[in-house]
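A.B. asks: First to last, the sequence lines map onto chains A and B. Here the first sequence is numbered in UniProt numbering, starting from 1 and rising by one per residue. Here the second sequence is numbered in UniProt numbering, starting from 1 and rising by one per residue.
Just so you know, these hints were derived from the structure itself, not from any lab. Treat the hints with caution; some may be incorrect.
Reference excerpt, derived from the structure (chain A facing chain B, CB under 7 Å, subset only) [unchecked claim]:
1) Tyr15
2) Pro59
3) Val61
4) His78
5) Val81
6) Ala82
7) Arg83
8) Glu90
9) Arg97
10) Ala101
11) Ala106
12) Ala107
Okay, the calculated beta carbon distance ranges per label pair [stated by the list, open to error]:
13) A:Arg217 - B:Leu111: 57 to 63 Å
14) A:Pro76 - B:Leu69: 26 to 32 Å
15) B:Leu69 - A:Gly69: 58 to 64 Å
16) B:Leu111 - A:Gly69: 43 to 49 Å
17) B:Val92 - A:Leu219: 54 to 60 Å
18) A:Thr177 - B:Gly100: 25 to 31 Å
19) B:Gln89 - A:Pro223: 41 to 47 Å
20) A:Arg217 - B:Phe267: 55 to 61 Å
21) A:Ala74 - B:Ile108: 34 to 40 Å
22) A:Glu71 - B:Val272: 55 to 61 Å
23) A:Ala74 - B:Met95: 53 to 59 Å
24) A:Ser62 - B:Phe225: 41 to 47 Å
25) B:Phe267 - A:Glu132: 48 to 54 Å
26) A:Glu132 - B:Glu159: 50 to 56 Å
Computed far set for chain B versus chain A, every beta-carbon distance over 10 Å [as the list claims (entries may be wrong)]:
27) Pro61
28) Leu76
29) Leu99
30) Leu145
31) Phe156
32) Met169
33) Ile248
34) Val257
35) Gly268
C-beta atoms are modelled at their ideal positions from N, C-alpha and C, and glycine is treated no differently.
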Amino acid sequence: MSTPILEARELRVTYGGHVALDIPHLALAPGELVGVVGANGAGKSTLVNALLGWSRGAPAVSGSVRLAGEEIGALPPHARVARGLALVPEGGAVFMRLSVAENLAAATPPAGAAGRAHDEAQIEALFPRLRERRHHMASALSGGERQMLAIARALRLGPSALLLDEPSIGLAPRLVTDVLRAVRGLVDQHLSVLLVEQNVRAAIAVVDRLILLERGRILAQGPVAAMRDDPRILEAYLGEAAA
Amino acid sequence: MNLVQQLINGIVLGHGYALIAVGWTVLLGVARLVNFGHGQIYMLAAFVTWWAVAGLGLPYPVAILAAMLAGVLIGLLMQAAMLRLTFAQDLVSIMIVTLGFGHMMRGIAGLVFGGHPQVLETPLSYIDFEIAGAWVTAQDLAVVLVGIAAFALLHFGLERGTLGRTARMVAEDPKLAQLAGIDVKRVYFAVFAFEGAAVALAAAMVAPRTPILTSIGFEEVIVTFVVVVLGGIGSVAGSYAAGLGLGIFTALFGGFVSPAYATTAAFGVLIVVLVLRPSGLAMRAGGR
Ligand SMILES: Nc1ncnc2c1ncn2[C@@H]1O[C@H](COP(=O)(O)OP(=O)(O)OP(=O)(O)O)[C@@H](O)[C@H]1O
Ligand SMILES: [Mg+2]
C-alpha cells in the first residue's frame with residue numbers, strides 16, 4: 001500500500017475529564033473516499049475537527065496526525081490548511097457578511113497548492129447555483145446553497161485531503177444525492193475525502209470504505225461492500241432486521 | 001465668543017477626537033476586542049514625544065515615530081499577555097487585564113517622567129494663520145490633516161482589498177477564518193499593534209495642545225467611547241463623523257454655554273442617541 005495521504009495515531013480528545021475520542025489508528029489512502037457514520041454524539045465531528053486541530057470548544061487533543069507523511073499534529077489549524085488539509089465544519093459554515101464571491105475569494109490557495117485548487121470556472125461548473133448568486137450576501141443564501149458555498153470554499157484551498165462534516169445536512173433528498181455525487185466526482189479526480197454522514201444509505205452509495213464510530217471509538221470498519229451487510233449497520237442505520 | 005473661531009476650534013478638536021478613537025474603531029470593529037489601557041498608552045506616548053523633543057533634541061517628526069514605535073511595542077506586549085483570553089473572546093477578563101496594564105503604565109510613567117506637568121512645544125505651535133477672522137496654528141492644521149489622512153487610509157484599507165476582507169472575516173468568525181487559512185493570532189497582534197501606534201500618533205499630534213501629566217488619559221478613553229459608540233461600532237466613516245461632531249458640539253457648548261459641562265453634555269447626547277438608535281448614528285448595510 002502507498003503512503004496514506006492522511007494518517008492518525010493514538011488520537012485522543014478529551015473535554016474536561018470526558019474522553020470524546022480515542023482512536024489508535026486511522027488512515028485515508030490517496031484518492032479514497034471514506035465515510036464516517038455513527039449515532040449523535042458518537043464523536044464524528046470531534047474526529048474530523050481533531051485531524052485539523054480545530055474546535056469551537058476547548059478540547060485537549062493528543063496524538064499524531066500525518067499529512068502525506070509529514071507530521072502536522074502540533075500545527076495550528078491555518079498551518080495545516082496551508083499544507084493541504086481542509087475542513088468543511090458541521091453546519092456549512094460561511095461568512096454571512098461577505099458576498100458569495102468574497103467568500104470564495106477569501107480562500108486563497110496556499111503557495112504550492114495552486115495546481116490542485118479549483119478555479120472559479122471549475123467551482124461554477126460544479127455548483128451552477130453559486131454563479132447565479134455570486135453577488136448575494138451569504139446570509140441571503142438558502143441552507144443548501146450555503147452548504148455548496150462552504151464546500152466550494154474548501155475546494156478553492158486546493159486541499160490534498162478534505163474533511164467534510166455532514167455536507168448533506170438540511171438538504172433536500174435530491175440535493176443530498178447531487179452533493180454526494182459531486183464529492184464522488186472530486187474523489188475520482190484524486191482528491192481524498194473523509195466524509196461524515198448521518199444519511200448512511202446515501203453514504204453507502206458513494207464511499208469506498210466505511211468507519212462506524214460509537215462513543216468515540218471505532219466499532220467497525222471495512223470496504224463498503226462488506227460493511228453494507230454488517231448487522232450493526234443494518235439494524236441501527238438502515239432500519240432493516242439483520243438477515 | 002466668535003462663532004467662526006468656535007467652529008474652527010471644534011473642527012480641530014473633532015479631528016483630534018477622531019484620531020484618538022481610530023485605534024479603538026479597529027480594535028472593536030475588527031477583532032471584537034477592547035483596551036482600557038488606551039488612555040495610558042496615549043499618556044505614555046505623549047511623554048515619549050515630549051522626551052524625544054525636549055530631552056533628546058530630536059526633530060518633531062522623528063519624535064512622532066518614536067512615540068508610535070513605543071505604542072506598537074506596548075500593544076504587542078499587551079496582546080501577548082492576553083492571547084488566550086482573546087481567543088476565548090473573554091471580554092470581561094480582557095477589560096480587567098487592560099485596565100491593569102493602564103494602571104501599571106501610569107505607575108511606570110510616574111517613576112520615569114516624574115510628577116511635573118510638561119509642555120510639548122513643536123515648531124508648528126509657533127506658526128499662526130488667520131482664517132475668516134479666526135486664528136489657527138500650524139499644529140491645529142496638522143491635527144486636521146493627519147486625522148483626515150489616517151481615516152482615509154483606514155477606510156480604503158478596510159473597505160476593499162484583501163486586508164479588509166480578512167478583517168471582516170476575523171470579526172465575524174475567527175474560528176471559521178482559521179479554516180480559510182488565516183493566521184488569526186497574527187491578525188490579533190496586528191490589530192493591537194495598530195491600536196498602540198494609532199493612539200500614540202494621536203497623542204503626539206494632540207498633546208502639544210495641553211499640558212502633559214501622568215494623570216491624563218481618562219478623558220481620552222471617555223471620548224473614544226463616545227466616538228466609537230456614536231459612530232456605530234467598527235464603522236470607520238461613522239467614527240470620523242462622530243469625532244468631528246463631538247468636537248464641534250464640545251467647542252460650541254463650551255464656548256456658548258459652559259466649558260465645565262461640555263463632557264457631561266456629550267454624555268447626555270450619547271445616552272439619547274443610544275436610546276433612540278441603539279446601533280449608533282452610522283447607517284450600514286447589514287448593519288451591526
Ligand atoms: N464543546 C464541547 N464541550 C464538551 N463536550 C463536547 C463538546 N463538543 C462535543 N462534546 C462531546 O463530545 C462527544 C462527541 O461529540 P461530537 O460532536 O463529535 O458528536 P457527533 O458524532 O458529531 O454527533 P452529531 O451526529 O450530533 O453531530 C459528545 O459526547 C459531546 O457531548
Ligand atoms: Mg457532528
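A.B. asks: Is the shortest C-beta separation between Pro59 of chain A and chain B less than 7 Å?
C.D. replies: violated (13 Å)
A.B. asks: Could you check if Ala82 of chain A really has its C-beta closer than 7 Å to a C-beta on chain B?
C.D. replies: Holds, about 6 Å.
A.B. asks: The hint says 55 to 61 Å between Arg217 of chain A and Phe267 of chain B; measuring C-beta to C-beta, is that right?
C.D. replies: Between Arg217 of chain A and Phe267 of chain B, where Cβ atoms are some 60 Å apart, the hint holds.
A.B. asks: Between Ser62 of chain A and Phe225 of chain B, does the beta-carbon spacing fit 41 to 47 Å?
C.D. replies: holds (44 Å)
A.B. asks: Minimum Cβ separation between Phe156 of chain B and chain A greater than 10 Å?
C.D. replies: Holds: least Cβ distance 17 Å, greater than 10 Å.
A.B. asks: Do the numbers back the hint for Val81 of chain A, that is, is its least Cβ distance to chain B under 7 Å?
C.D. replies: Interface hint status for Val81 of chain A: holds (4 Å vs cutoff 7 Å).
A.B. asks: Holds or violated: the hint that Val61 of chain A contacts chain B, with Cβ atoms closer than 7 Å.
C.D. replies: violated (15 Å)
A.B. asks: Taking the closest pair, is the beta carbon of Leu99 of chain B still more than 10 Å from chain A?
C.D. replies: Non-interface label stands for Leu99 of chain B: nearest chain A Cβ at 25 Å, farther than 10 Å.
A.B. asks: Would you check whether the claim that Gly268 of chain B is not at the interface survives, using Cβ distances to chain A and the 10 Å cut-off?
C.D. replies: holds (33 Å)
A.B. asks: Taking the beta carbons of Thr177 of chain A and Gly100 of chain B, is their distance inside 25 to 31 Å?
C.D. replies: violated (57 Å)
A.B. asks: So does Glu132 of chain A sit 50 to 56 Å from Glu159 of chain B, Cβ to Cβ?
C.D. replies: violated (26 Å)
A.B. asks: Using the beta carbons of Glu71 of chain A and Val272 of chain B, state whether their distance is inside 55 to 61 Å or not.
C.D. replies: holds (59 Å)
In this structure, the earlier hints numbered 1, 2, 3, 7, 8, 10, 15, 16, 17, 18, 23, 26, 32 are contradicted, and the remaining ones agree with it.
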